[in-house]
Each structure stands twice: as C-alpha cells, then as structure tokens.
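Residue numbers (the numbering used here), protein chains in the order written: chain P, 1 to 85; chain V, 86 to 366.
Because the hints were derived from the structure by calculation, they are not lab data.
All residues carry an ideal CB built from backbone N, CA and C; glycine is no exception.
A few of these clues could be false.
Using C-beta positions, here's what the derived DEER-type ranges look like [stated by the list, open to error]:
#1 P:22 x V:308: 30 to 38 angstroms
#2 V:129 x P:39: 47 to 55 angstroms
#3 P:75 x V:124: 24 to 32 angstroms
#4 V:342 x P:48: 44 to 52 angstroms
#5 P:66 x V:110: 20 to 28 angstroms
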Amino acid sequence: MSRYAINSLLYRLKKDRAFRERFNADPPGALADLDLTAAERSAFLARDMYRINQLGGYLHLTMSVPGMAAHVTHEDRETPGTPHR
Amino acid sequence: MGEIVFAGAMSHVLDPEYYENACGATGRRKVEACMTEIRTMGARFLGRRPDALIVVADDHLNAFSFNAVPAMCVRIGRSVNRMMQEDAEAFDRALEGMPEHYALHEELANRILEEGIDAGFDLALSWEAPIDHAFLSPVMTMHGAAPVTPLVPIWVNCFVAPQPIPARCFALGQHLARTVARSPWNVGIIATGGLSHFPELLLPRVGDTDSVFDKKLLYWMEHGEHAPLAALTVSELHKTGEHEFLNWMVLLGAITPARADVRYFGELLRINLAAVEWRVP
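From just these sequences and the hints, can you work out the full model?
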C-alpha cells in the first residue's frame, strides 16, 4: 500500500480537469503508467471510494473528487443525547 | 502594547445547503443556528476595532499536498487567494461566491514567523498557498457585508500523520500571544474545525461523532482547565474524531487561562457543531 500513489492520484483527479476527463473516457489507459498495486488499480477502476479510503486514500479527497466523490447522507432526525446546557 | 481583543473557535463548514443535503432539514436548521451565533461573535469582534485577525485552521489537501505538508505554516505576503475548485463537491462548495482575494496583515505575519523561528518554533512559511473553507467559511460568516479584516492565516496539519502534538500547538499559541503583546495592534484570533466528526478518518465512520468527548472538551474550556487539554494525544483526537481540535489548541495557548463561553453546541449525524468565545479583556 502506498499512501503517496493513491493520494497523488486522487489529488490529480480532483484538481486536473484534463486528467479527470481522460480517466472518465479511458480508465485503464489513464492509469496505465502509474505505480499502483493491483488492489489500488482495481479500486480506482471500480470507482470504489470506500475501498480507496481503506487502502489509504485520505477521507477528504474521497469525498471531494468531482463526479466520483463518495456521498454519505444521514437520516433527517434529531440525534439522541442531552443538550450541552 | 498590542492585545488579543477577541478569541473564538467554531466549526468551519458553514453551509446550510451542504448540511441539508447531508442531514435534511435538521442539518440546515442546526447550522443556521450555529451561524447566527458566529455572526453575533463577528459583530463583537468588529466592535473591538481590530487591526488583524489570526485564523488557525487546517488544510484539506488543497493548499499543501505532495510537495510538502508542513506541521505548522504561516502565510506571509500582502494578499491571499481563496482555493479555486472546478465542479466543486461537498464542503468545497462552501467557497462558491466568496471573493477571490483577501488582504493579509503582512507585518504581523512576518513577526509571528521571524520571532517564532528565533524562539525555537521551526515554522514553515508560504507566499502562495491559497486558503480553503476552513479559513473562509468562518471569516466570511463573521464579517457578513463588512470589509474583511486583514488576515494572518496559520495552518496546522490535522490530517496527514504524523501530526504535531497538542502540547506543541498550545506552545505555538503562547508564542502568538507574546508576539501580539510586543506589537502595537489589536488582534483577534479564531481557530476553526470540529467538533467531533469522521473518527479515524474512515468513510464508514462518516456520521459518527463522540458527544461525550466533545462535552469533556467544552467543560475544560469553560472552566479554564487547560492542562488536561494540553496533555491530550494525537491518537486520542484521531479516535474520537477531534483531529481539528489541534487548531483550537493553538488558540488555547494564546488566551490561557481565559475561560470560554459556549455560544452554540448542536449534535448532528454528521458532525457536532460548535461556536465558542473566550472572555478576553
């Protein structure tokens, strides 16, 4: 597992529109020259942000890459517990 | 002689739309209530006729990424840009519509940096790093339509292990207080982020909070008990989702032993929102 390989790829997907478009059009081609393990490559090809996060991808990147961010929503209800004051 | 005329800390995704998308109407209602308190805090801050606002916050791999991740960094120069993100998602959208450029208080930033290095704080410096929602969401909520006070952004690495320890963050805050005291300026300081959310920074934990730990932190701050806070470990903060409390530790060092008043605390299935103000002279 390489935190650098995964996170630099997430960062590029977030900040570099041309690369993001290339990845969307041809995922295996966009990743071809990158130094990724088989598990990392497979997670990106599946666009599986939970797996990418599990492999070391930083949470905030997995939640903010345009078009493939993990969207987590919650039930609209009051949380249990007592108010602070 | 300079003085810290305002000190506050608050959550930093202040975006009703974000919370409505994440948590429904309850999310919108709670963040709007929190923002109302932060606006009132901002009015009190501006009423002190401040010369500068120190903002202690963290980067979300927007300004610093893979060339360097500084433990603590002072933004110097004359102005700073906001982070720009095409097709922004989630919390990045909180920046949309905000001005692109902000004035810095160049001389105060330089003094914090130079006197810090002299005092043994090996601070990083940046002339170019942009600031993201962690800085601008609170700053713009506090200022509303008023001109933005010249800023001194200071980053603390809250996410990329290994992070600086809470005691060191507290010590940096004490350095900020000494620098301000030697200056001629009235200075406000805010710390942003938190309270508990995303324990261990894992996607399956998004939605988990630790209200018990939050209330412990609030109790210590309300009572001016800063020793147990400075004794916290990065590991404790990581496990409880309090990683951004490192920013708050810097503020605590700057105002210790002042006591805090909790202006807002709201539990939410995303993050526990908070706004806290200290009783500074």
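* **Violating hint indices (sorted, rising)** => Violated hint: only 1; rest satisfied.
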